[in-house]
Each structure stands twice: as structure tokens, then as C-alpha cells.
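Chain order of the listed sequences is U and Y.
For the first sequence, the positions run 1 to 417 when the working numbering is used.
For the second sequence, the positions run 1001 to 1303 when the working numbering is used.
Derived by calculation from the structure, the hints in this document are not laboratory data.
Some clues are possibly wrong.
Stated by the list, open to error - Quick partial rundown of chain Y residues pointing at chain U, CB under 8 Å, derived from the structure:
| id | residue |
| --- | --- |
| 1 | H1092 |
| 2 | E1107 |
| 3 | D1114 |
| 4 | T1115 |
| 5 | I1210 |
To be verified - Below 20 Å or equal to it, Euclidean Cα-Cα: the simulated EDC-like pairs (lysine to aspartate or glutamate) are:
| id | chain 1 | residue 1 | chain 2 | residue 2 |
| --- | --- | --- | --- | --- |
| 6 | U | K20 | Y | E1131 |
| 7 | U | K409 | Y | E1150 |
| 8 | U | K410 | Y | D1088 |
| 9 | U | K410 | U | E137 |
| 10 | U | K20 | Y | E1194 |
| 11 | U | K410 | Y | E1150 |
| 12 | U | K107 | U | D57 |
| 13 | Y | K1110 | Y | E1082 |
| 14 | U | K20 | Y | E1150 |
| 15 | U | K406 | Y | E1131 |
Given the structure is predicted, the values throughout are model-derived calculations rather than measurements.
Idealized CB from N, CA, C, for every residue including glycine.
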Amino acid sequence: MNGMSMTVAKHSILKTWREKWGLISWLVIPLMMVFLMSLMAGGGPSPTPHGKVLVTDKDQSMLSQFLLGSIGQGPTAEFFTVKVVKEAEAQTLMDAGEASAWLMIEKNFMDDYLNKKPTTITLRKNPAQTILPNMVETGMDVMVDAADYLQMLFADELQKINKMVSTGKYNDADLVLLTLAIKAAIEDVEDTLMPPQIKLEEKTVEAESDDKPAFNFALMMFPGAVFMSLLFAGMGMAMSFWDDKVNGVLPRLVSTPSGIFHYFVGKTTHAKVMFLTVSVVLMVVGVAYFDVNVTLLPLLIFWLVFSGVVIWQLLLFFSLLMPSRKSANIIVNAAMMPLAMLGGSFFPAEAMSDGLAKIGSYLPNGMLLKAIKDVMIRGEAWQSALLWPFVIGLVMALVFWFINLKMVKKLAQEARS
Amino acid sequence: MIKIEALTKQYGQFTAADAVTFDVQAGEIFGLLGPNGAGKSTTINCLSGLLEPTSGDVSINGHPMVGDGIAAKQSLGLVPQELALYEDLTGHENLNFWGQAYGLSGEALKQRIDTVLDLVGLSDRQKDRVETYSGGMKRRLNFACAILHEPKALLLDEPTVGVDPQSREHLLSAVADLKTQGTAVIYTSHYMEEVERLCDRVAIIDKGRIMAMGTVDELRSQMGEKDLIVLKGDFSVLNQDVLEGFEVMEWSDNQVRFWCANAASQLPELLAKFAQCHIKETAVKKANLESLFIKLTGRALRD
């Protein structure tokens, strides 16, 4: 690279640095989108979504207490906090959107259940939430089904329990008889419920499962956001050729002995430096907030700079095809949107339909993004994950580089503006 | 130093330059005079390598622009009609950029930047961004960028358009200095006074063709040494017959304009003919390039 190319690169970096808002937008907008999207999805680096279930127990019976306990214990306790409240307070909390669901157990719930009468449990869901209220609803469906089966299997026993509860008269002999009856009923259905062909095998889960990255929506989004930054930066640097055409620098350069070649080499160096800057900053953020593996940093930064150059060359090609700066701006913006959306920058490919995800994987940015996600998130070996995308990207970058050099010369000489 | 032979540039059916031929010697300022769209900039663009001629040859310092372009461009400086500067860089940074583009570097570049900044009077503003400069200062910087490498041939394409009188004076005296240093200069303009003041030879160009070429005096002589006399007064009392034998341009009740050979010697006699017209103002204008241009093309330079 000669002195002229160095000067072009230096001045272009200087201009980008002075135009701070452009640089900031390349970095901040994609990161903001990751944070917002992960917040909307309830994901992010925080552990598990947690909600509040309100319960109004008008029955205050043993069975209603049993139901309350079953919601607030076991695996569901990881997702919900159960709060027992009066009807009026529950109404207020639901109206304020401070709970995921409200369960109301009507009076005589236990009597009706034990006497096989129709009974109602009312569930009201918070419409502003999607996942947690649906989990409550599914859990309640399971419980209602289980209660039905219990009624069918232990009808006589439940009748005896009902009698004991209603009269308050029972002795040890009655309880022993009841227990034996329940045991006999279980043995009767044991062959159906636990057939011998179903064999439970105990297996020790190896420690490696702890090392696997947990599902983290923000981490899933982050590489796409970085590629969005590359797209923004590539777009800005593609349009800079038109700026130099309009301000008269490109045409005048044709009359100098250095000419367009050294100018283009300088611009390529500028692009590499800017992609390096963007990549380093974003990867530092990635390590700090998105669980990016620090040992992968050199590889990730190299890949991002390489990907940035491929994307820049592609966008530059589109812009140089156009007859004016205005139309170049329109076409580059128009190209960027589908590239970003299908290429996995707005939504991770994992959240797309199979068809769209496949189309996205054929786009240059989608292909390069998928390759690096295979390494970052899915833990694939980098040699195999990156080899073909690298070869394809390199060929693309080289071919577009030579085509674009010719087109920049043409741009300088033609009366386009 | 600069040689153009039968230069033709066509855009489809339209001929922007039609068999243009001239040469410019070292230390000579050659004026290219014509209205907008006459073919001046096309000629300059072919000379600078920006456009490839449809036919004809262009060479700078003995190097053909097509075939040995890099050597030709090393001897060439171009001041384009439109500004060619980075507005968001400082004046010094712009000069550094163009100096590198012309192959300068290191201490030589630093010295040349200081010299040209001094020449165009921008030393004290060199660290300010160009976007803060006045129009005239930008023009001066635009000029300075082209002479950093001390070119043997300099093309100036309307360098004083939209320039304040102070900046214009700076530019014109800088061009005159370059002539004394042996630079061959092609100067295009539609400002008559500049061309008459600076240029050793002038070509009048219109519709892509050179209509006349020679020194300013030679071209003036084509007008037959006629001067334009303008009188203001009350001419309603006289008939136009009083000017029989003269080429009358205008006769109205309050103004008369006519061509007159050797006006200085005939003026007393002419004024006597208009004694009863209460003459309030008398002006005698020497034949200039503009009058020749009107005579040759039938339209004014600023059309």
C-alpha cells in the first residue's frame, strides 16, 4: 500500500471519527434492538421467567388447600409465586397487570367434588403476558384431568372419605380399611398404569450437561445484531463513494498520477479498520453482557471483519450500478432490509419458519452469520463450520472488489451525481 | 508543452468538441473563451484524462494522454470548475491529500504545502475545516491543490466563478506568477476582463469549434479597430440620417450607440453634430473580445 492509499485510509477514518453520530448509530442501534427484543421475549441473560398467580379460595377446604399447595410446590414453584388474596384485591392486582393469572376456587368445591357434582374453578389470565399464563392454564388442565381419573378410580373410597369428613366420625379401623381398599385399587390398575415392558433405567447424567450453554435469547440475538452493525457500516461506507463523486474529489483524482486504484485500496483499508473497530467494541460488549466465550474472541473478530468486507463489497456493487446518488441510496437501503431480516439480524433464524431460514442461509450475510453462530452458540468446531463460508465469501469479496474498482473508475468519469 | 490535435468528442449525435487544435508553450497563458456549453470544459476534461476523446491526440510535456497517461499527468495540474475538496477536512489535510495524489511525500510535501498556503493567503486558516471557509477561500484552496507539485502544465477551468474581488485578485496574480515560472496555462473563462488581462493568446470557442484564435490585439484587429460610442441626451430633435456612414447599433429618444473607427480623432466633430441634443453623457468603448465574439457568433458570452 503506497502513501496515497494510506492517506485516503487515514482521512476516511478521520472523517468517520468526526462524524461521530454515524459511528455511534452503527454500534448502538443493533445493541438496543437486542436488549429490546430479549426484553420483549422475556429472555436475556437472566435465568427463568417468573410470574405471580393469585388464588382466591372461597371454599377453604382440605381439597382446596391441597390444590393451592400443588401449585406452589415442585417444579411450578420455579416459575410462579402463589399469593392467596381476597376477591377484591385480586381484581385490583389483575387490573394493574401485576399478576400472570388469577385462580378462583368456588365455595363447596370439595363437597361438590367428593359428591361427583359439577364444580367450577375459574382461571383469569393476564392478556399482556403470553407464556406464563398459558403455563398456568396447561397446569390446571392437567389437574382437572387427574381429578377426573381419581374420581373414576377411587369412587367408593372418596365416598367413605366424604362421609368421614361430613360426619367427623372415623376410627383407626376405618382408616386401615380405607387404606387397604386404595392399595387394592392401585394393584388392580397397576398392570395398565405400569406395564412391565416399560422399564425405568437409571442413568447418571454426565457433568458436560452443565457446561452446555443454557438457552439464552439475548445470546441468540447478539450475533445477528453484530451483523446488523456490519450492514449499517457497510452501507455508510458504500455511499461514501457517491459523496466523493458529488464533492468533485473522484473526478479530479482521475487527472492525478495516483489515480483511482490507490484511492480504492485506501478505501478498502478504511473499511477493514472500521469493521475491526466495530467488531472489537461489540465483542467486548458480548463478553461482558452476552456470555460470549472470551477464548473465541480472535476468531470471532477476524470473521466479523471478513464478513464486513464481503457485505460492504456487495452493497457497494449495488450502489455503483445506480445512475445517481439518490437512487443508489434507495437501492442500498432496499437491499439492506431483506438482507437484515432474512439474514437473521432482526430475528434469529431459529425463530423463523424453516423456509425463510433456508432462504436466509443462502444470503451472503445469512451464510456468514450462520457459520459463526454454529461456532459461538452450538459449539461446533470452527474449522468445519467456517471453511466453506470462508471460501465462498473470499471468492465473492475478490470478484466484487475488481468489479467495483472498474465501476468506481466509471463513476469518476461519468456525469452522474 | 500542451498539444491538442484535431480533438473531437462526441456523445451520440452531439459533438461537444469538433476538431479542436492548438498548442500552448511553456510560460504562455492561453485563454479559452466561450459561453456556457461552448465546449471549454469538454476540451479541459479530455486534456486532463477525465474524458477519452472520440478522436484526435492530446499530449502534455511530450507524453500522450492516451497511452502514457501517468507520465502526462505527472506534469499536469487541474483546477476544476466545480470545487473538489473534502469540506469536513481542514485546508492543510486537503492539501496533504492532493499532494499525495500528485506523488509528493515527506518533507518536500510539507514545504510545498507551506509555500502554496502562503501564495493563496490561507496560512492562518490552514487548520480550520473547509466547511467554515468563504466561497472565495475555497476557490483559492482549490487552486492551491493543483499547483502543489509545481506542474509544467496547468488547466484552469473557470477558477474565479463566484469569487469575491479580493480572492479573484489573489488568484489572478498567482496565475501570472506561474507564467513567469515557465508554466504553460490554459485558462477558460467567460469573464472578458480576466482573459484580456492574463492571456497571451486566446481562442474563441462556440458549439465545440474554435471560431478565432490569436493574441488579444490580433483578435481586436479583426473588428477593424472600431470603437463603440454611446451618447445620452435628447435625440428626438434629430434624424438618424445624421449618422450616415456609421454602423448604428441603437437609436432612441434618449440614447444612441454606434460603431466608429478611430473614435478619439473623430469625437469633436461627431459631438458638434449633436450640439442641439443637450448631450448629458458620452462614452467611448474600445473594441474588445466580447464585441468580436458577438460579431462571430451572434450571441453574448454570458448567454
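Taking each numbered hint in turn, which are not upheld by the structure, reported in ascending numerical order? 1, 2, 3, 4, 5, 7, 8, 9, 10, 11, 13, 14, 15
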